[in-house]
Every structure is written in C-alpha cells, then in structure tokens.
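Asks: Residue strings, one per chain:
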Amino acid sequence: MANSSRPPGTKRLWVISSIVAYVVFAGIPIWWATTSLHRPPLPHEAIAAAEADAGNRSALLPVALQLVLVVPAGSELPDELQPDRMLAAVQAAVAAAQPLQGPLQLSITINTAGSCSQVLPRHPGVCSSSSSSSGVCTQQVQQQACPDLSAAPVAGGSRQQQQQLDAWLQQQQQLQSLGTPGQYTLFVLPDTSSSSTVVVGRSRHAWLTYQPSGALQQPQQLLQATAAAAVRVLSCCFGLHSNVAALAAADSLPVSAAGHTQLSFSLLHADPLAPGSSSSSNKDSIEAAAQHPLHYTWDFDVFEQQHLAPIAASLAPVSHISIESQLLYFTPARTPGSWSSKHSAFVVKQSQLPFFVDSDWAVESGRAVMQHNRTSSSSSSSSSSGTAGMLSSSANTAAAAVLESHVLHFLVYVPAADKSPLLLLGPKGKVRNSNSFWIPSWGGVLVLNLANEIAAASTDTGEFDHDEGDSEGGQSRLPWQPLPLQQQHYQHITAVVIAQLQALFGVAPGTSSSSSSTEVVQLQQLPAGAAGFSKWQMDALLRQRAGADVQEAARVLGSLSRLVQQLPNLEMPDLIGQQVEQALSDIHSAWQHIAAGDYHAAGAAAAAARAAAEAAFLHPSVLAQLNFPDSHKLGVYMPLFLPVSVPLLQGFVLQLRHYVKRRREYTAALRAGG
Amino acid sequence: MCSRIWAVLVAVCLLLGSSSCHSAAAVAQQESYSEEAVVQPLANGLVLVHFQFTQTAPLLRHYTIFPKAVGQLVSASLFDEFQLSLTQGRWHYQHWGQPVLQAKPAGAEFVAKFSPLLPAASLAGQWGTLSHALGSLFCASLNFVARPEATATQAIAMSSCSEIGQQACSSSAGVSASQTCSGSSSSGSSVCTGGSSWVPAAARQHVLVASLPQEASCTENLTPWLKLLPCRDAAGLGALLADRRVVFGADHHSMQVSMIVERNADLQPLRSTLTQSLTLVLRPPPGTHPATISSSGAARQQLPAVLADVNLSALLGSEVKQACPLAQQSRVYVRLPVLDKPQQQQQQQQSNVQLQWRIPAYKKRNVPDSSNSLEAASADADEGASSGGSSDGSSSDSSAEQDSSDVADTAAEAERTELSQQQQQQQQQQQRSRRRLCRVARAASWSGPGVELSPAPDAAAALTHSTPNASEKRRQQGQQQPAQVMYVYDLLSPAHDAVAAGAQRLFQLQWAAGGSPGDSHSKQLLAEQQQQSRYTVTRYIAGSGNLHGGMVLEVHQAQQAAAAAAAADDGRNVSVCIFQVVPWQIRVWLHTLQLSIDGQRRSLDALLTHRHITPARDRTRPLVLNMCLALPAAATTLTLSAQFSKAFLTVAEYPPDAHRGFDVPAAQVTIGLTSLQTSGSSAGQQGDASSSSSSWAWHVHTGDGAEAWQQQQLQQELPLMQALAAVRPVQVYSPSLVVPLAVPDFSMPYNVICLTSTVLAVLLGAVVGALLLRPAEAETQAHASSAASAAQKRRKRVKVVLLLAVFGGLGLYLDPSLQEALWEQLTALGLA
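Chains as they are written, first to last, in my numbering: chain A, 1 to 674; chain B, 1 to 832.
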C-alpha cells in the first residue's frame, strides 16, 4: 500500500469524483437540453419601451390648416386684419376651444390680387400654446406670387353653384401644390352678400364668404367669424374628432388586423309567395299580385361596377375592400312588425330593431375559403397565375384563417306582400328617413318596400310581356320571371350603403354639429358624391387607423411579452421571433412617419406592424400549450434524482473523509518514518 | 320533327353517360335548381323517402340561387368532384334490397376526386383545404380526415365498356365530341369481351377517400345543409324536413352532399353541380292514418304489413305549404314494385289502349266508364266528381276488377267508403280551383292492384330498355317489361296551381294494402318486396386475444340469382372489386390473404385481374387493399380472409375512449353488373342479353295523353330521374368493424417512471459500492473502540435531524398550503 508515492485512497477518490463529475457535467446538461422547450429570445425590453411609448406619446398625425384671406384688388387691409395679428387671434380661439388633440400648424395667407403674404409661426409648439395672445411671438413673413383667387365664381348658395365653386377651389389648391393629406385650406372669399355659413368641400378645403365693403370697415367682425369658422372646421372635419369617445372607437374600426374588410350584400325576400296585402283597394289588383310573386333580382355585376367600385376605391388607403353578394329567400324577420293605422303601414319600433335580424338567415360568409378569393381577386382575372398562386398558398390556409377580414353585412330586406309596406321607426316613433338602420361593426339593414311597385307594374301588363319575351330562350320553367331592380333602387341602396359605411367607419357627417343654432357660423358639408367618402374623411380615417394601429400593435406585443414571461412552459417557433422583430421595426418606422406627417406611409407601416403583431400573438402553435405544473415535474424527476444522488453523495463524502483520515495517518507515518 | 332530333340527342346523351354530355348538350349559362323525392315502400312496413336537390351554376362572381359559400369553395380548391356523406344507421341489404342510388356506411365518408393535371405533390394541400372548408361548412369534424394516416387513394375504378372507348375522345370537349364519341364507343366496346358490362380500370383522376365511422350526424349538420337550399325548409320539398325529430328518428338516415365541377385545361371552373340528397327509412307512426283506425283491428293485424297505409305528411310530420318558386323542377315520385311478367301480359290482353301495357295498372280509380282512355277518363272524371263521389266506390271497383282481376276489395270495403268521402271533399276543393284555371280535371285517387294512391299522380313513368334507334325502340317496347315504374307528382304543374291555394293537398299521399289476407296480389307484392338485394357483404373479426386476429370479408350472392346465372352459364365471369382501408394500427399480414369461393380454397392469383395495394406505414398511412377479381357468375359466396397482428401503441396515440377499440372503415365492394340488372329479376337477364350500345330510358305518360318523347326532354332537368335510369355498377358496403386493441393502464407512465428510476438508482448504487468497497476496512470498523462508537451515535443523531430539516424545508418550499398552516401555527404560538 505504501509502495506508491501518492497517499493511499487517492484512486478511489478519483473514481467517485469522476462519476460525480460525469453526472454533473454531462448528465445534467443532457437532461436539461432534452427537456427544455424551444423558444426564440424575444426583445422584452424593446417591447416594453414600445408599449410605454404608445401609452405616453400621442400617435396622431399632424394637421396643418392654412387660412387664405382673399382681398379684392384695390382695397386696403385694416390693421386688425394684418396676417400676424390674425394668426394670433385665430390661435387664441383654437387654443380656447381645444377642438382637437394632436399637433396643429396654423398659417395665414393674405391673397391680394396675385400676391400673397404668408405668415407661419416660427416655433409652432411655443407659439400655439400660451404666448400667442400677446402677439409678440416672432413670426416669419413670406412674400410670394400666387394666383388671384378673387375671381372665384362665388355666387349664391344653391347646391350646384357650391359644387362649381368646390371644383374651382380644388383646382386652385392643386395648382399651389397644396392639399396633400393633412394639409387643409380655409378660404375666406369676398362676395356680394355675406353669409355666416362655412362650407366644407369634397376635397381638403372649406370656404367662408364675406362682404368686402362691410367687413373691411368692421374688421373685428370678420376676424371673429374667421376664427369661429376655423374652430368649427377643425372640430368637425379637419381635425381629429374632438371628443375622446371617437378616439376610443378608433380601434373598433371595421377593419381586420390584416387590413381587410369584406362587404357582403344580401337581397332578402321575406316571403316571395305571400298573397298581396288586404289593404289594396280592388280585387283585381290582389289577383294580379298573387299571380306574380315578390321575387326580385339584381344585376350585381353592374351594380358593383357602377356604384360600389368607387366606394371601394376611395376606401382603399384605409382597408382592402372585397365585395360579395347573394340572394336569399324565405327569410322573415324575427320582429314581423305590427299594423299601425297612423302610418298606414306595418311598423317596427326602435326597441325591436336589435331583434330584426334572424340568425337563420344564411348571411354569413364562407370564411374558411375567403383567403383564396382575395389572392385571386388581387391578381385580377389573369387565370393561370391565379391557379398557380392557389397551388402554392393552399398549404398555409389554416394558419392564415386567423387573420380573416372583417365582414360587414348589408342586407336589403324586401318584406312580404302581406306585410308591406314595412316602416322602421326611429326614436320617439318617428319614421326613419331612409327606412334603414345600422349595427356597429356588423353592418346595416335597409327595408325596400317593393310590393306596391309590383302591383303597379303588373297592372301595366305591357312591360311584363316585354320582360318575358326577352328571356324566352332560357330553359326556365318558372311561370314568371324575377323582376330586376331598377336604377332608382340601386341609387337608393347606394345612398344608404354610403351613409351606413360612413357611420360604421365613424365619419358620419353632422354628428358633432347638433347644437349649432347658437354658434356664430353655421356649418355645411358638401356630400361626397359617388365615391362615398370625401378626401378629408379619408384623412381622418387614416389618422384614426394609423394611431390606433400603432397603439394596438404595441399593446399586442406587450401582452405577448408578458404572456411569454408568465408561462415558462410555452413553446414557440422561430417565426414568432421574426414576426415580433418585424412588428417592432414597423412600429418604429410608423412613429417616424407620424412625426414627419406622411399619412400614407404612416398608415402602411402601422398596418403592417399590427398585422405582424397579431400574427405573432395568434400563431396557431401558441394556442395549444402543454400544461406541466411544477408538482408534476417534481413527481416525475424525484424518483430518479433522489435515489441516484444518495449513493453518489454518500460515496463521495465517505471517500473524502477516508482520504483525509488516511492522508493524515500517511503524513504522520512519513514524519515518524522521516 | 324537332322532337325527333331531340330524341336522338337525348338517346346519344344517355348512351354516353352523363359526364361528357353535360358540356356538349347542356351548356345553358344559367343557374338551375331542381328538387325531387322518391317515396318507396320497403319490407316490414317501412317507407323509404329519398330527397335530392340539385343546383347547377356556371362560374359567376355573384350568384342568384347557388349558395355563396359553395361558390367560393369552387374557386378556393381545385377539386373535380367531392362526395360527403353523414349517415346514421345501417342499410339492411337483406331486408330492404338495393338502395335508391347508393347506401353509404355509417358515420362520415368523404371522397374527393382531383384532376390528373394536378401535380401529386399539391394533393395533400388541396385535400386539406377542401376537408377543412367542408368541415367548417357542415359542422362536422372533417379535420380528422385531413390527416395523412386517415387518407387512402383509390386507384382502380369501375368503368363501363363504352366509357373505355370514350376515354380517347373525352378530352376534346365541345359539341362535336358527342358525335365522334358515339362513333367510337361502339368500336371501343369490342375491347370489352366477356360477360359483364363493367370492367375495372385504372382511375383517371386522383381519388382520395377517408372515412370516420364514429362521426355522428345531428341537427348541427342538417341546419347548414338546409341553408344551402334556396328555399331551405320554408317551401318546396325541403319543407318536408321541417320536423327534425322525424328526420333524426329514422331507422336509417343518410345525408349527402356531392359536387361536380367541370374545369378546363387551366383548371378554371366552368360549371359546377351541387347535389344534396337525404335518404330516410321511416317507420310509419301507428294509428295516424284514418283507414288504419277505422278498419277492424283483428283483420288488419293478421295481414302482414307489406304495404302499410302511408300518409306522407303524417309520416314526415310536416307538409308542403307552397312550392319553392325557384325550383325549375319539383317532383315527387312514388316507386312501386314491378309486377311479374304473366300479370303484365294478362293486363295487356285486356286493354287495347297503348298506354296500358307500358305502365301496369295506370288507371284512375273513380272513372265510371270502362273505356280506359285516359283523355276520356279525365273528362269524365269532372262529371263524375260533380255528380258526387258516393257512386265511385262501387263503380270504380268494378272497373278495377275488370282491369286487374285479382283485386278483391271485400275486406276493405268499409275503409274504401271512408276514403271515398275524403276524396269527395278533396274533389270539391279541387273543383273550385279547376274552374278558375280551366285545366284538365284530375281524379282524386287511382288504384292499381293492391295499391291506391290519392291524389292521382300526374304521370306514370316506366323505365324500359331502349336502343338509340327510335323506330326500333318503338317496336321493341311491346315485348319489354319495365324495370321500374314510378308515379310522378309535379308540384309546379299548373294543374295543381301549387302556388295558389291547396298545395298541401298534394301530400295526402297514401297507399293502402287494400286487399284481403288471402289476396294473391299482396302475396306477390310481399315476395317482390322481400326480394333481397342480389349481393350482400358481411365482415367479421376472427381470433381472440390482444395480439393477433383475423378479418374475414364475405360477399354473398342471392341463391336464385346464382342459380339463374348457373342455368345460363356460358363461362362468363363477373368482376368484383374490393376496396378496403385498414388503419395502420391493425397490421395485416398480406401473405395470409386467402380466397375461397363457395367454401373451396382458390388461388387468389388466378382470379385476380387488378391489384393496387399500398402497404401501411406506422403513423403515416393506412393499408389500402384494392383488388379486382374475376368471379364465376354462379358462385354464391366469396370469402376473403387475412391474419393481422395488433400494434403496440404509445399512450398518447389512444383515443379518449380507448376501450372501444379502433374502427376499420367499411369495405366497399363493387360488382361489375349494372344496378338495373340486379334489381329486377327477369329484366336483368334481358338487359344482359342485349347489345352493349343500348341504354335505359324513361317513358313518361301524363294523364292527358301527351307525347312520351316530348316528356323525355325533361329528363335533362331531372337529375334524380336521370340517375335512376343511369347504368352504374352495383356498390355494396360492408358494415363497419371495431377491433379492440390492448389498452394500457393509463396511470402507467408514472409507475414506469418510478420503476425505471429505481432500477437505475439501484444499479448506480451497486456500481458505486462495488467500486469503492474495501473488504479489509469493514472488519476494522467493526472492531472500533466504544468511545468512537459513542461519537458515531451522536453524529448519526445529528444526521437524522439534518435530514429531517432538509426535507421539512423542501416541503415547506414546495407546498404553499403547508407554509400557510405553519405560519398560522407560528403566529398562534407567538400570540399565546
């Protein structure tokens, strides 16, 4: 034993130490690697910063309002109407009224016979807040040539003349390369008669007229009117909607996370075969109505081309619109309506309107397959590429189904002949103007009373014969032909759909100007025409959507980060990490664009950020997560670790003690021997 | 003249089969919708009701009738055809005979066909998209179908001889194709030598099949199914399904959706056809029919309930209030058994009117005169009805006896009079509408041998064998007996003024067993009814235990059919194709596959004509057995057996109800005989004998004597009628099978963990001990001094305390409730 130079017990100590080392350095890492879950590292700090950013900063795109005071040639400007003083007055009025949140830049231009003097606040932040009332804020005056606006065709207040003026002003605006999103102009135009109405045009401008002779002598009045007009225009239209409620509604825009909206049109026949109403006067008409059932059809392709395509095109910056349609039959409403002799019609009270739509109506879309329709419609009828795209994209249908488009239903309801006419009542029992109602983020319902028309048409038999003669070649064995909707029906439907869309998107006109009788100036909005939405409405939507999307994206990322931190058992694919990175960079660029006031770029970046964030959060692999509580782990691992560790540790400790003891004896023996 | 041309065209179409003619003849760019229903008595008093709703549409962006969801599906997935069935209950081939079209196995079955132009790599994605979309559309758990281990490919399909000849020219679509194909089909048929008109061939399309035998079908599946109908269950024939308790309380309930999409070479859809069908086997509620109540109970109970009195609206619990205004066709057929040949000829002798021999016993019951001319009858019926229905009881009986001598009404006299009173009321109702519309009068009921229907049908249709040559056909018809006879009710017929009042009257449809117990007609009908399906399939498990087992598939041919085939034996074979999917959990040993015919072992290789077998692979794909055999026509039993062993599965692979076992999907047996050949006993032989270029066609006779050929045009729009006349091979499904597998104790994983851990720990302890043991030291330690032992005892006590403290601390750390309890104890102590 003593023949080796090493102390005794060393060999056994080496054996046990190597076993322990093997277990600790090889066994435990292997166990750890095989049992730990794979998840990409998420930038939690960056996400928290982005979320805090979204909470603190206002994600509102800036608004610039330019006041253009057109002075007829040869008249002298009074002191009060000098641009710097005017600016100060308007700023004071705007600051007092606080019509909008978010940054605003005001400027004044005096246009006198082709020469302009423009005043811009040098430091908009400083000037607009407090020191402006004194007028000492330093301002920058630019002199430049500009077109003469005093030749504006201002004449009268009829609708047509207003539209003429609107078009003319829009042309002028484009000449001056104004009118980009967020840049608005309020023209103050001389006119023979002064009116206290500010008119908001279809493009990004409004105008107010004044009487030059009177106003230049009483400049104070004009100044007051101008300031009031600026406040009104900002609060109703050009600014963000002033009230906080509108801001809160911004994330309830009917747009899906991926930026898609599907407009689903349905023409419902409550009961095509119901006999004619008993209120008809003579018996012959009953017979006639009974002979021809209430069966209408629409030429939806033409309707879409003529009426819906402009709306979809105008909404394109906010949301990708796709359109589908169907006809349904035998769809009685759940609230059938009761006879009211006062209206001499069947009426549905307002309290019953929420129950009007029946879940039995097959209005829902074939959601599972819509993803493909979108790809094929975007490639616009080039047949071979559509097929190829379908082949390649079919694999990830299930994953993409989560981010479906938001469906808005527009129902055109034709009541049964024996329940006709059907009127929808508004508040206080008044008949609704358009005989329609809308349901937030779901869609709208329009009641079209066609039973009377059919009775009228069937007495006029000549038209019927003509119809049937046209379609003689068809194989149809129907004893009648379905009646096509007429042009006036299409126009009516379009008008209602536009109004409902505006309401659904939260830009309905006239909602904020209810108590206007006490105001200094009245407000009037020109209807947007076929496009459905005027440019300033689109700007407002973009502002809303961009702000809401940025905040929503940050919020979604924040909750994903918290979720990941709370659930250590959650397994995630690498794709989620990439999507989170993508969303963060999009949020960043959206902030930059918002600061720069680039509406379209900001909207696009914000939408991309939200889509990526939602895709990461709703990734299907995250939805199914395994539950491994800690007690479960203890139960699984304890039976192995405890019995294994006891002999190992015991052996190690024993050998160590043995070694120490023997070494002591050994050294003592050596010393004694030495 | 025009009708002649039509006739030739229709004949050509029927000849070519439906697929190629759709593009050639029916290119109407319109959406169409037709609804049809077949009512047929079954054995034991059961009634079969089969609905079929067919919608066709070209590819449009916006549909007016065609359902939007399905239209979107067509452009979303590149399928050519799919067929989804949700079935509850088995179809009893032995008792109920051949189904109307096809009886599906219980549970869900999903078949999809994809174009051969589609690359095979994209099939899985397309199949997944389609099954997910359909699953969400019909609220069925078809997502399980999309898994590869449930999906099988069917590579062999039965095709008719004419189709094989046609294959060459079927690719060139267009009007001209019909001519060229008709020419080549006769030449192509020479390829098909041998007896049977159907031969197996490689499938032209990618056919994917999956089934879920456990899938239950309920209202949540029916509601979306009904939503696809333009009139849902509000009008038209769909209204008959309004009572869900009846629909789902049926003995057999099978809901099917199938869709065929015609695509061009770029796979762009041209035209799609959506067919929804529902098969119900209903048990008539006792005592609902007035006749059943009124007749003497004793006599009725003696009568075997062959043809029970049936009132359709009472049977279904709902009635049609109004016809669906969107349907181009809306018809109800009553299909009654075909009479035997001698009966037929007897009738022919008695009647010299041409209509009579084609349709057995098409005679209105309340016709007072015996001229048998239907035009005269309908004119006279008006008078007879106005004079009052009381006289029609006796007079019509006499006329009926003239016509069909076997009708003996004595037992049911009382019942008849009551019926006639009912008829009288109906007639008066009718008459009111008749006067206004000035239409041809209709009789309230008519009676045939042993059967009476009220109200009288609009027309009768007989399915006879025909040749393309029209004049020859007319000659031949005299000698032929129809394979099927149906009585047609047209809901949209102006005579019914269905849209106006009185439409519900239509479905007071009833047939009475109006005959005494000794009535030979009843007996004959009984015999007809109980004639079982010519082929039946059974399948069972052999062996016991959790390790091995055997599976046996038996195909039986009815004795009489086999005997007839043996009598006419000319050495012909019948091809029988077996398609069986076996899940991978059941590992079939293919070398044990044994074939025996009529109890004698036969070599499988000698009889095998086609074979396509995909071996199973664990957890990725099932075993697919697709074999076609040339079976001697006289054989009665074919037995195919194989041994299998059961897989040993991991815990996670068991379904939630593991003890139930694993389902083996139903085997599909296709026999190369047409369904029409097997349905009628004698008609089948006739069909065999005639040339292969012939086909079956309906001959329709209306009450006012319209020309039969013109009526045939309507078949274009009557898909169910067309399908009934179409020749197709017989398909029989076996019942589904459950194989129990060894089921583990599901608490086992923890036990296994404990055991393996203990073994490991013991092993490690032993190894460490063996490595470190010093034999000499143990002895020295035993002789240690007592002082040292005292110190050791103290050390041991410290160790125990330390161990207790460690474990106590661990427990406290892990168990928050223990912490709380301890904390409470401590605070209590501290306060005290």
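No lab work stands behind these hints, which were simulated from the structure alone. Check each hint, because a few of them may be wrong.
Here are the computed lysine-lysine pairs in the BS3-like style, where the Cα-Cα straight-line distance is at most 27 Å [as the list claims (entries may be wrong)]: (1) A/Lys430 - A/Lys535; (2) B/Lys227 - B/Lys321; (3) B/Lys321 - A/Lys661; (4) A/Lys661 - A/Lys11; (5) B/Lys793 - A/Lys661; (6) B/Lys799 - A/Lys661; (7) A/Lys661 - A/Lys535; (8) A/Lys535 - A/Lys633; (9) A/Lys342 - A/Lys430.
Asks: State for each hint whether it applies.
Replies: A quick look at each hint next to the structure:
Distance check on the hinted pair: A/Lys430 and A/Lys535 sit about 33 Å apart at the alpha-carbon level, beyond 27 Å; violated. Note on B/Lys227 and B/Lys321: the hinted pairing holds, with a Cα-Cα distance of about 19 Å set against a maximum of 27 Å. Of the supplied pair hints, the one linking B/Lys321 and A/Lys661 is violated, its CA atoms being roughly 106 Å apart against a limit of 27 Å. Distance restraint check for A/Lys661 and A/Lys11: the Cα-Cα separation of roughly 15 Å lies within the 27 Å cut-off, and the hinted pair is therefore satisfied.
At most 27 Å may separate the alpha-carbon atoms for a hinted pair to count; B/Lys793 and A/Lys661 meet this at roughly 19 Å. The suggested pairing of B/Lys799 with A/Lys661 holds, with an alpha-carbon distance near 20 Å, which does not exceed 27 Å. A hinted pair counts as satisfied when its Cα atoms are at most 27 Å apart, and A/Lys661 with A/Lys535 does not qualify at roughly 94 Å. Between A/Lys535 and A/Lys633, the direct Cα distance comes to roughly 61 Å. Violation of the 27 Å bound is thereby established for this hinted pair.
At most 27 Å may separate the alpha-carbon atoms for a hinted pair to count; A/Lys342 and A/Lys430 meet this at roughly 11 Å.
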